[in-house]
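> Put chain Z on the given structure of chain A with help from the hints.
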Amino acid sequence: MPKVALAMSGGVDSSVAAVLLIKQGFDVTGMMLRLWSEPGKEDSNRCCTPDSMAQARRVAARLDIPFYVIDAKEIFWEKVVSSFLDGYAAGDTPNPCLVCNRLIRWEFLLEHALALGVDFMATGHYARSKILPDGRRLLLKGNDPAKDQSYVLHVLTQEKLSRAMFPVGDYTKPEIRQIAEENGLSVARRPDSQDLCFLAGENYRNFLLRYRPAAFQKGAILDSTGRVLGEHSGLPNYTIGQRKGLDISSTVPLYVLEKDGINNTLIVGTFQDLGKTGLSAVDFNWTCGKIEKEPFRAEIKTRYTAQAAPGWVMPESDPTRVSIQFDSPQRDITNGQAAVVYAGDVVIGGGMIVKSR
Amino acid sequence: MEKVYLDYSATTPLDPRVLEAMLPYFQEKFGNPSSIHRFGQQAESAVETAREITAGVLNCKAEEIIFTSCGSESDNLALRGAALAIREKTGANQILTSRAEHHAVSKTAEQLERYFGFEVKWLDLDPFGRVDPAVVKKAINEKTALVSVMAANNEIGTINPIPEIGEICRHNRVIFHSDAVQAATYLPLDVEHMKVDLLSLGGHKFYGPKGVGALFVRSGTPLLPVLTGGGQEFGLRAGTQNVPYIVGFAEALRLAQSEREKRSAQVSLLRDRIIGSILEEIPDSRLTGDPKDRLPQHASFVFKNVDGNLLLTLLDAAGYACSSGSACKTGNPEPSEVMAAIGLSREWGLGSLRVTLGSGTTPEQISAFLQVLPGLVNQARSLGGK
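Going down the list, the sequences are from chains A and Z. For the first sequence, the residue numbers in my numbering are 1 to 357. For the second sequence, the residue numbers in my numbering are 1 to 386.
Read the hints as simulated data drawn from the structure, not as lab findings. The C-beta atom is built at its ideal place from N, Cα and C for all residues, glycine as well. Mixed in with the good hints there might be a few duds.
[As the list claims (entries may be wrong)] In silico DSS-like cross-links for lysine-lysine, where the CA-CA straight-line distance does not exceed 25 Å: (1) Z/Lys89 x Z/Lys195; (2) Z/Lys107 x Z/Lys143; (3) A/Lys23 x Z/Lys3; (4) Z/Lys107 x Z/Lys137; (5) Z/Lys262 x Z/Lys304; (6) Z/Lys121 x Z/Lys195; (7) Z/Lys3 x A/Lys3; (8) Z/Lys292 x Z/Lys262; (9) A/Lys73 x Z/Lys304.
[What the hints assert, rightly or not] Non-contacting residues of chain Z with respect to chain A, defined by C-beta distances greater than 12 Å in every case (computed): (10) Met1; (11) Arg17; (12) Phe39; (13) Lys107; (14) Asp124; (15) Leu227; (16) Lys262; (17) Asp307; (18) Glu337; (19) Gln365; (20) Gln379.
[To be verified] Now the in silico label distances, taken between C-beta atoms and shown as ranges: (21) A/Gly201 x Z/Gly343: 36 to 44 Å; (22) Z/Tyr115 x A/Glu181: 42 to 50 Å; (23) Z/Ser345 x A/Pro310: 39 to 47 Å; (24) Z/Glu334 x A/Gln242: 39 to 47 Å; (25) Z/Glu259 x A/Ile131: 54 to 62 Å.
Extracted from the complex, chain A is given alone in its bound form (with noise of 0.2 Å):
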């Protein structure tokens, strides 16, 4: 019997994972992640709050499956909060969850799963995947396209997803719901959230300002031909594609076109001037498996909550780097978040967005 570590969360997804693995026969092992917290507000990291850690313990025990907890703390630390204070202070806008896919979650946890002698991980990701006749295995979008989440499971390389399960992505939230009612597995209804989750429900700027308050320089804001329109408060305290809040006078609505992080300057410009037609990507992972080196017709991600838009990838000479041109401009590009490239359910690949024009 193939043995399968899955990631629970305490939650109904990776609780009705485990129901669907044990139902197919797979011998399961629960494990989790003991994130970082801030001190004192371990209760409300939305990972792993010793609420939902009993809740996961309580699921693992009533279907009579092993259950460890995993520390991650110095690690998550190291890899995903201080790159993710960095960012900002470099004037991105850093995507921690997928640097936290990547390096904990798909190599940390999946490391010691091994260890713990099991064949597959399996997560409760709203993801499919498939394996072609040559061997390569394809990640796809989940079924329920209102949950899909492919788009941070981009990072994954062949090696990783020949390790991966995503038990849930065949099925659609209502059906997952339906299927741990059935099973009377009475996990929290939490919200679903897009909140980080060492964050802890705070703002995102005030937990910046306490660890990097030097990231907060006033500097200029600039129209997109270098003149002085105003002062902005420091570059993290803006997102691309703000209008509210600049403080400037325009008889123009004005947006934030770009962060300059280098020379710390607020680049705004008009409602047209939002659009961006083109993006540079790096750190490109071709997920499917096979390096295209020739331009190719896709649709692309620009962040989690974005629809996927048509255009042009145009491959690099280096394989981890592409260029994007869309068919028609995109707004709120932005640094730091990923380009993921999708044919139809397919995920071809995805890189960080360096650039935008």
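Below, chain Z without anything else, positioned relative to chain A:
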């Protein structure tokens, strides 16, 4: 895969002979020991027989035995009850104890300090975790109300020189409490020899049921009840007695003491093999606790730069149930107070492993365990990236 239990200091399975003794008192002889009628008399007789058996083992009078719900309750009653009553009587308000004590003692002492105006003096330990009688002798004074030193340590297995400490207390007319919850399984429990005034026991460490304990209270020891109510247990512990569990407690204690030498011999040889083999084969490993004066079923170690909880997880996945000095199921490891108290740094103190043997342990299990352990320690080290 066979699951091998090597955590007998955490708890033990119920001895079938004990279960047999308990069974009639659930349904057939279910009476309340306080009742006047025959049902009550039957139950009362069972409790009093259990008290006599227990007193026989401890070499004390039956009326010096108070049944409680567990070892922790016994510790609470001993510390809180004696401290409050002694202060009332003599004005003494100092408690001497150590950081290696079970939390049932140390947390109670801390509460007495924080909320009840007592002063706690923490006795230094030697590197084996032992309380040196000379340290007690130096610390004890006319303000001392109570000394509490455990008979044997749960985490590191060290046996304390209880009779010597008892002698010092007696000489200074200070009440002496000892937590013997771990010691009771394998050590003689003669309260005259130990020179204790209060002695805590818990049933489930010696193949009795969980949820029952006892406290020896030497006649004349000032003690304020912690649970007030009916006059059960000589007015020192209110609440209807848990008859079947008290019967089980006494039977298990009787068996433990009558089979003591046989049981000790069975585990101590295997324990010595574990200690020898681990220290020889695993680099950066140390024995914790006293190499000589330790519980016969108890082997405990620290491994440098190992996450002890991770090691326990790897061991469990490999089929071996052990424990550490920082039992923590939430993945938030901190070295235990005991590790700090015996002077271990964090890089050593986090990597503790406790292997405790018992009735089900076989030489084959230990051979297999010793085969897999070095590899798992290695794995824990490399996963920790250290």
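> Between the beta carbons of Z/Glu259 and A/Ile131, is the distance compatible with 54 to 62 Å?
Once the Cβ atoms are compared, 60 Å apart, the range 54 to 62 Å for A/Ile131 and Z/Glu259 holds.
> Given the hinted pair Z/Lys3 and A/Lys3, is their Cα-Cα distance within 25 Å?
holds, 17 Å
> Should the label of Z/Asp124 as a non-interface residue stand, given a Cβ cut-off of 12 Å to chain A?
It holds; Z/Asp124 is separated from chain A by about 30 Å at its closest Cβ, greater than 12 Å.
> Beyond 12 Å from every chain A Cβ: check whether that's true for Z/Asp307.
violated, 6 Å
> For the pair supplied as a hint, A/Lys23 and Z/Lys3, is the alpha-carbon distance within the 25 Å limit?
holds, 24 Å
> With the threshold set at 25 Å, check whether the alpha-carbon distance from Z/Lys262 to Z/Lys304 stays at or below it.
Violated - the C-alpha atoms of Z/Lys304 and Z/Lys262 are around 35 Å apart, more than 25 Å.
> Mind verifying the non-interface call on Z/Lys107? Its CB should be farther than 12 Å from each CB in chain A.
Given that every Cβ of chain A is farther than 12 Å from that of Z/Lys107, nearest at about 19 Å, it holds.
> Is the claim that Z/Met1 lies outside the interface with chain A correct, judged by CB distances over 12 Å?
violated, 10 Å
> At 12 Å, judged by beta carbons, does Z/Leu227 keep clear of chain A as stated?
The claim holds: Z/Leu227 sits with its nearest Cβ about 29 Å from chain A, beyond 12 Å.
> Note whether the CB distance of Z/Ser345 and A/Pro310 lies within 39 to 47 Å or breaks it.
violated, 59 Å
> If you draw a straight line from the CA of Z/Lys89 to the CA of Z/Lys195, is it 25 Å or shorter?
holds, 22 Å
> Return holds or violated for the Cβ distance of Z/Tyr115 and A/Glu181 against the range 42 to 50 Å.
holds, 47 Å
Hint check: violations occur at hints 5, 10, 17, 20, 23; the rest are consistent with the structure.
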